[in-house]
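Student: Residue numbering for the sequence shown follows numbering that gives the first Met the number 0, starting at 0 and increasing by one per position.
Everything labelled a hint here was simulated from the structure, so no lab data went into it. Hints are not guaranteed to be accurate.
Claimed, not checked - In silico BS3-like cross-links for lysine-lysine, where the CA-CA straight-line distance does not exceed 25 angstroms: (1) K65 with K108; (2) K25 with K65; (3) K35 with K65; (4) K25 with K68; (5) K65 with K30.
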Amino acid sequence: MSEALEAVGDTYSINGFTSEGRRNVKFYVVKDFDEKYSDEVKRRIGGITYQNNTRLGAAIRHASAKLAKQDARTRLLIVLSDGRPYDHDYGDARYADRLEDPGPAGRAKARDLMVRTGAEAAAIPPDGLSVEDRITRDMLQVIADLHVEEDDQHLYQLRVVDQMGGPQQLLPQLTQFQPADTPERLEAFITRLDPRLQAVPAMAGAA
């Protein structure tokens, strides 16, 4: 991708990030906008490796703020990820009821939330917002619109064969978001797991 951008003469940067909780998000600059695509940059790219967790929000906000300062008519932010946002405090028990419900009632509830979120974000006047707040507003609109569009296209039917988000990922998802390190938490884990396992056959039948 770097060589293709060099060939067309576009200005670009390459960054990476890792996290260990919301107070410890590291953002790495592999190549900055005003830096040439040198042998040193190529060595940095070759040295990229995995580290800790994937706290996407903070990294996207910071990268977007840097991108917004570029004098360009079109600005693109491309995120390469394993598709699974995760960090230590995502397992906070306060959010233990936030796992997605794959059934019709859950999808209807999620769609209603996205419709309301998109409308509320669109109603916020962008004038006077900081760069980061404007980026957050725009991201909320994009996420909400995409969710509604995916629901319109019935893309949820593909999840039954989705290796990243299908039923086979249910147990790993629950273990990430629902701690089970005490008898009480284990009981809560089993209580949450059972109805979702019951929904898998219907989910498969809908496909």
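Student: Give a verdict on every hint.
Tutor: Comparing the hints with the structure gives:
A distance of roughly 35 angstroms separates the Cα atoms of K65 and K108; the hinted pair therefore is violated under the 25 angstroms criterion. Restraint check: the Cα-Cα separation between K25 and K65 comes to about 15 angstroms, which is no more than 25 angstroms; the hinted pair holds. Of the pairs offered as hints, the one joining K35 and K65 holds, with about 17 angstroms between alpha carbons and a cut-off of 25 angstroms not exceeded. For the proposed pair K25 and K68, the alpha carbon gap of about 21 angstroms is at most 25 angstroms, so the pair holds.
Restraint check for K65 and K30: the C-alpha separation of about 13 angstroms stays at or below 25 angstroms, so the hint holds.
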